[in-house]
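Novice: Sequence:
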Amino acid sequence: MRNRQSGFTLIEIMVVVVILAVLGALVVPKILENVDKARVTRAQSDIRAIQTALDLYRLDNFKYPTTEQGLQALVKQPNDPTITNYRSGGYLPSLPKDPWNNLYIYVSPGADGRDYEITTYGRDGKQGGEGYDADISTTTLDQR
Numbered sequence: 002m003r004n005r006q007s008g009f010t011l012i013e014i015m016v017v018v019v020i021l022a023v024l025g026a027l028v029v030p031k032i033l034e035n036v037d038k039a040r041v042t043r044a045q046s047d048i049r050a051i052q053t054a055l056d057l058y059r060l061d062n063f064k065y066p067t068t069e070q071g072l073q074a075l076v077k078q079p080n081d082p083t084i085t086n087y088r089s090g091g092y093l094p095s096l097p098k099d100p101w102n103n104l105y106i107y108v109s110p111g112a113d114g115r116d117y118e119i120t121t122y123g124r125d126g127k128q129g130g131e132g133y134d135a136d137i138s139t140t141t142l143d144q145r
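Oh and the sequence shown: position 30 is 31 in the working numbering, straight run, nothing missing.
If you're looking for bench data, these hints aren't it; they were derived computationally from the structure.
Backbone N, C-alpha and C define an ideal beta-carbon position, used for all residues, glycine too.
Check each hint, because a few of them may be wrong.
Pairwise CB distance ranges (calculated) [as the list claims (entries may be wrong)]:
{"id": "1", "residue 1": "T10", "residue 2": "S95", "range": "54 to 62 Å"}
{"id": "2", "residue 1": "D81", "residue 2": "I32", "range": "27 to 35 Å"}
{"id": "3", "residue 1": "G132", "residue 2": "T53", "range": "24 to 32 Å"}
{"id": "4", "residue 1": "V29", "residue 2": "T140", "range": "32 to 40 Å"}
{"id": "5", "residue 1": "T140", "residue 2": "N103", "range": "26 to 34 Å"}
{"id": "6", "residue 1": "K127", "residue 2": "V18", "range": "21 to 29 Å"}
{"id": "7", "residue 1": "R115", "residue 2": "D61", "range": "17 to 25 Å"}
{"id": "8", "residue 1": "E131", "residue 2": "G8", "range": "50 to 58 Å"}
{"id": "9", "residue 1": "D134", "residue 2": "G8", "range": "44 to 52 Å"}
{"id": "10", "residue 1": "D61", "residue 2": "D113", "range": "34 to 42 Å"}
{"id": "11", "residue 1": "D125", "residue 2": "V16", "range": "34 to 42 Å"}
{"id": "12", "residue 1": "P94", "residue 2": "E69", "range": "49 to 57 Å"}
Sequences are here, hints too, so could you generate the full structure?
Specialist: Rendered as structure tokens:
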């Protein structure tokens, strides 16, 4: 009488490993692309929220913060004697960072005669770029 041992053969294990590798090669890039899409969407939402806070700041103080005052003016009252209606607690709870952990760039006045411009340089953190490395700004949001 033969003694049967149960278990997997080397071939069966290799087939499973190959199947997992193929699935990983197909699924992982899609997951990573969704992460990048989510970061772009978050950056766009952050910029819109900052725009809202800037508009509230302007309603109270009759002007936008200067480039020198920056977005910090939305969190802490600037040392400017003309700012007399600053809201207690500020306009944002804290200074947001973009999804790639960089500070948003604020310039006032902005390009093309705009009152201001808010920009993040995207995934690569460098000006310019394409795809997920492209800059996201108030200008690009208006173009969509």
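Novice: Does each hint hold? Answer for all of them.
Specialist: Outcome of the hint check:
| no. | hint | verdict |
| --- | --- | --- |
| 1 | T10 / S95: 54 to 62 Å | holds, 58 Å |
| 2 | D81 / I32: 27 to 35 Å | violated, 47 Å |
| 3 | G132 / T53: 24 to 32 Å | holds, 28 Å |
| 4 | V29 / T140: 32 to 40 Å | holds, 34 Å |
| 5 | T140 / N103: 26 to 34 Å | violated, 18 Å |
| 6 | K127 / V18: 21 to 29 Å | violated, 39 Å |
| 7 | R115 / D61: 17 to 25 Å | holds, 20 Å |
| 8 | E131 / G8: 50 to 58 Å | holds, 52 Å |
| 9 | D134 / G8: 44 to 52 Å | holds, 49 Å |
| 10 | D61 / D113: 34 to 42 Å | violated, 26 Å |
| 11 | D125 / V16: 34 to 42 Å | holds, 40 Å |
| 12 | P94 / E69: 49 to 57 Å | violated, 22 Å |
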